[in-house]
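Visitor: All chains, please: the whole structure from these sequences, using the hints.
Residue numbers (this note's numbering), protein chains in the order written: chain V, 117 to 252; chain R, 117 to 252; chain C, 117 to 252; chain D, 117 to 252; chain Z, 117 to 252; chain X, 117 to 252.
These aren't lab readings, by the way, just hints derived from the structure by calculation. From the three backbone atoms N, C-alpha and C, an ideal C-beta is built for every residue, glycine too. Among the clues, some could well be false.
In silico DMTMM-like cross-links for lysine to aspartate or glutamate, where the CA-CA straight-line distance does not exceed 20 Å [said to hold, decoys possible]: (1) X:K139 x R:D178; (2) D:K222 x D:D195; (3) R:K181 x C:D192.
Far from chain R, by Cβ distances over 12 Å, these chain X residues were calculated [claimed, not checked]: (4) E141; (5) D170; (6) G174; (7) T188; (8) E214; (9) L216; (10) P226; (11) T233.
6 protein chains.
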Amino acid sequence: MVYLTRKEHFNAAHKLFNPKWSKEENESVFGPCANENWHGHNYDLYVTVKGVPDENTGFVYDAKKLGELIRTKIIDKLDHKNLNLDVAFLEGQLCSTENLAIAIWKQLQPLLPANATLHCIKLYETPRIYVEYFGE
Amino acid sequence: MVYLTRKEHFNAAHKLFNPKWSKEENESVFGPCANENWHGHNYDLYVTVKGVPDENTGFVYDAKKLGELIRTKIIDKLDHKNLNLDVAFLEGQLCSTENLAIAIWKQLQPLLPANATLHCIKLYETPRIYVEYFGE
Amino acid sequence: MVYLTRKEHFNAAHKLFNPKWSKEENESVFGPCANENWHGHNYDLYVTVKGVPDENTGFVYDAKKLGELIRTKIIDKLDHKNLNLDVAFLEGQLCSTENLAIAIWKQLQPLLPANATLHCIKLYETPRIYVEYFGE
Amino acid sequence: MVYLTRKEHFNAAHKLFNPKWSKEENESVFGPCANENWHGHNYDLYVTVKGVPDENTGFVYDAKKLGELIRTKIIDKLDHKNLNLDVAFLEGQLCSTENLAIAIWKQLQPLLPANATLHCIKLYETPRIYVEYFGE
Amino acid sequence: MVYLTRKEHFNAAHKLFNPKWSKEENESVFGPCANENWHGHNYDLYVTVKGVPDENTGFVYDAKKLGELIRTKIIDKLDHKNLNLDVAFLEGQLCSTENLAIAIWKQLQPLLPANATLHCIKLYETPRIYVEYFGE
Amino acid sequence: MVYLTRKEHFNAAHKLFNPKWSKEENESVFGPCANENWHGHNYDLYVTVKGVPDENTGFVYDAKKLGELIRTKIIDKLDHKNLNLDVAFLEGQLCSTENLAIAIWKQLQPLLPANATLHCIKLYETPRIYVEYFGE
Numbered sequence: 117m118v119y120l121t122r123k124e125h126f127n128a129a130h131k132l133f134n135p136k137w138s139k140e141e142n143e144s145v146f147g148p149c150a151n152e153n154w155h156g157h158n159y160d161l162y163v164t165v166k167g168v169p170d171e172n173t174g175f176v177y178d179a180k181k182l183g184e185l186i187r188t189k190i191i192d193k194l195d196h197k198n199l200n201l202d203v204a205f206l207e208g209q210l211c212s213t214e215n216l217a218i219a220i221w222k223q224l225q226p227l228l229p230a231n232a233t234l235h236c237i238k239l240y241e242t243p244r245i246y247v248e249y250f251g252e
Numbered sequence: 117m118v119y120l121t122r123k124e125h126f127n128a129a130h131k132l133f134n135p136k137w138s139k140e141e142n143e144s145v146f147g148p149c150a151n152e153n154w155h156g157h158n159y160d161l162y163v164t165v166k167g168v169p170d171e172n173t174g175f176v177y178d179a180k181k182l183g184e185l186i187r188t189k190i191i192d193k194l195d196h197k198n199l200n201l202d203v204a205f206l207e208g209q210l211c212s213t214e215n216l217a218i219a220i221w222k223q224l225q226p227l228l229p230a231n232a233t234l235h236c237i238k239l240y241e242t243p244r245i246y247v248e249y250f251g252e
Numbered sequence: 117m118v119y120l121t122r123k124e125h126f127n128a129a130h131k132l133f134n135p136k137w138s139k140e141e142n143e144s145v146f147g148p149c150a151n152e153n154w155h156g157h158n159y160d161l162y163v164t165v166k167g168v169p170d171e172n173t174g175f176v177y178d179a180k181k182l183g184e185l186i187r188t189k190i191i192d193k194l195d196h197k198n199l200n201l202d203v204a205f206l207e208g209q210l211c212s213t214e215n216l217a218i219a220i221w222k223q224l225q226p227l228l229p230a231n232a233t234l235h236c237i238k239l240y241e242t243p244r245i246y247v248e249y250f251g252e
Numbered sequence: 117m118v119y120l121t122r123k124e125h126f127n128a129a130h131k132l133f134n135p136k137w138s139k140e141e142n143e144s145v146f147g148p149c150a151n152e153n154w155h156g157h158n159y160d161l162y163v164t165v166k167g168v169p170d171e172n173t174g175f176v177y178d179a180k181k182l183g184e185l186i187r188t189k190i191i192d193k194l195d196h197k198n199l200n201l202d203v204a205f206l207e208g209q210l211c212s213t214e215n216l217a218i219a220i221w222k223q224l225q226p227l228l229p230a231n232a233t234l235h236c237i238k239l240y241e242t243p244r245i246y247v248e249y250f251g252e
Numbered sequence: 117m118v119y120l121t122r123k124e125h126f127n128a129a130h131k132l133f134n135p136k137w138s139k140e141e142n143e144s145v146f147g148p149c150a151n152e153n154w155h156g157h158n159y160d161l162y163v164t165v166k167g168v169p170d171e172n173t174g175f176v177y178d179a180k181k182l183g184e185l186i187r188t189k190i191i192d193k194l195d196h197k198n199l200n201l202d203v204a205f206l207e208g209q210l211c212s213t214e215n216l217a218i219a220i221w222k223q224l225q226p227l228l229p230a231n232a233t234l235h236c237i238k239l240y241e242t243p244r245i246y247v248e249y250f251g252e
Numbered sequence: 117m118v119y120l121t122r123k124e125h126f127n128a129a130h131k132l133f134n135p136k137w138s139k140e141e142n143e144s145v146f147g148p149c150a151n152e153n154w155h156g157h158n159y160d161l162y163v164t165v166k167g168v169p170d171e172n173t174g175f176v177y178d179a180k181k182l183g184e185l186i187r188t189k190i191i192d193k194l195d196h197k198n199l200n201l202d203v204a205f206l207e208g209q210l211c212s213t214e215n216l217a218i219a220i221w222k223q224l225q226p227l228l229p230a231n232a233t234l235h236c237i238k239l240y241e242t243p244r245i246y247v248e249y250f251g252e
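Guide: Here is the structure:
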């Protein structure tokens, strides 16, 4: 079993905001992250798949194809977007990095073949804050 | 003459948008950067001052004080903000990284002492794109 | 279950030195790290907590609060300090990065809530050497 | 149990090429990586060992000795080499990063003492692609 | 005047080898870099242009277009190639990083408009070695 | 004219302390950097030389030789040392990063050949603070 990781990135706007709360409650909990005019990040996304290297290629999965899969299924839907307003697969969810990582997992997991199963979504919000989700 | 550089960072939303143009013209020129719902970045800001090290401290300028100056005068006004809507010193300007660097220069330059003059504002929009402004 | 990691840093002096050994024995085992006049490092500290994201915030733990906890309980006691002389919670211990990571775990673990348990202390001594401790 | 990681690096040429296939088949599967005139990478290698810190040193393993072991047993055989032509321990294998990580594990694992067992070989082919192998 | 920099990268094989010298002389001067079976690198390329930001866009030059120019004119000709064998614009030249930077300058300089003149080619051979060329 | 830069690093202890001042004055000016028990850093040192590439090698200067020069003349004297106590060429100087960069320039400048003159000493004290000295 070998783990293969591919890094991609996207830039997006968002705010942390719970629609069940007042503006004051949101500001009290989320601080400047609740700014109603939005803020944004350069997100770094690491996708890890695991499997046994193929006998004919030496690959768990073709890293070039993995990059294309991530870009067409995830990056194209998130890059230069507003995560609260523009992304169908995030609709109705709080825009935390935790929830974003889980949502990316749910998008990618069904698209990977049995011999290269999804192992981890690692998502940097800033160079000093990141989350990891392993599917359970 | 020694050059001292201090790095700080901020996260912000913006869009590239010329109000003299139609939505279509803006999209044609700025592409996804014109998304009317905004996008955002983790900006890295490098401020360089130059001078002769002080005889009693060995400092061109106290790096701790330089950090505080940048944070109170620049970062506090940009971090978790919308650059098009929330920042008085950017009002009426196109929100390119070039213009942002020039605007930061204009804010900081008058605040530095004669023996530690501002030399360069270097601003990363993404890890792969940055601008530098030397005041002329 | 989602894992949230926050990076902080501190600068400190130390030496590797076993008081049960002679100066020669220490130099033989620890080499230049035993320099009696000390040396030092810029340490990077990554603290990982794990839990289920809260329904109302989307957070495993507020990353801002995690940063404040790390800074007040760990960084303030280590930054610009001599690890062999100035730190109560390291007293009587050999100053290896391994031992330092375990000691940081012991300080932080009791301070975290049940829904965001400590998962890993990762500590870089240099950009090329780091240790990880998972509490067992 | 503490995990200690040491980073080393090497520069090498290789191509992805399955000798059982025609030139066209290789190009179809491996794309530009099959260039018969080779291409190359700056590989970053992270070796992680695990164990209980020694009572007299505080070390799982002396990081300096770990570096020397990696350099003499691995780096000296890979650095400035052609991975397909010059490396005895890669002979007859497809030159994927996955296979290279497994081969490095097989070289290093028998050389480590019982109290600092090999835990992971992590190998960056580019800053955006890496693999990990845990020995099983 | 503002300076805009765009980073791109490529992976390539090469060797340092002066055809006027014997194999022994080459090995004596270039050491392992003269390995006749080649070695390779992940090159990082930084291209800096300078100019006055355009009144209607705020751009010195569109960073997206600059990236496309670098990729089509430079990266496509160097990536996954052998610098000694596969690159028309390097023919007959010694494959040092210095010469490569000058050759990239000569390719790009005529393609840039008068209002965004080429200022610097900065080329990393490894994370610890880079060269800069300013056109004179 | 091409500029060649080589990065090296060292770890050292120091304190900021002016012997003409009282302990209180030192603490007032230098804050925690004046800790009498020392603190330390992982310093990154970038040395830039400039010249015309040699016709027979394509080199401004052999990067390998430049690395050896920096290591034997600078790194060996600073690494795992106390900058205030252990370094002959820093004796009697305040231990600021500015002064350290100037002192390194003075050590290296006479050792470089006429065709590869020293251009810049760039010294990182932390990942967020660095100084540059160009010899005048």
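Visitor: Could you run down the list of hints and mark each one as holding or not?
Guide: These are the hints, each one checked on the structure:
1. Proximity of K139 of chain X to D178 of chain R is assessed by CA-CA distance (about 18 Å); at most 20 Å being required, the pair is judged to hold.
2. Restraint check: the Cα-Cα separation between K222 of chain D and D195 of chain D comes to about 18 Å, which is no more than 20 Å; the hinted pair holds.
3. With a CA separation close to 19 Å, the supplied pair K181 of chain R and D192 of chain C stays within the 20 Å bound.
4. The beta carbon of E141 of chain X is not kept farther than 12 Å from every beta carbon of chain R, the shortest such distance being approximately 10 Å.
5. Chain R leaves D170 of chain X outside its interface by the beta-carbon criterion, the shortest separation being 30 Å against a cut-off of 12 Å.
6. No beta-carbon of chain R is positioned within 12 Å of the beta-carbon of G174 of chain X; the least distance is around 28 Å.
7. Residue-level check passed: T188 of chain X sits 25 Å from the nearest beta carbon of chain R, beyond 12 Å.
8. Listed as a non-interface residue, E214 of chain X fails to keep its Cβ farther than 12 Å from every Cβ of chain R; the least gap is roughly 4 Å.
9. Here L216 of chain X does not stay apart from chain R, with its beta-carbon only about 9 Å from theirs, under the 12 Å limit.
10. Chain R leaves P226 of chain X outside its interface by the beta-carbon criterion, the shortest separation being 20 Å against a cut-off of 12 Å.
11. Once the 12 Å rule is applied to beta carbons, T233 of chain X is consistent with being away from chain R; the minimum gap is 18 Å.
Taken one by one, the earlier hints fail for this structure at numbers 4, 8, 9, listed in ascending order.
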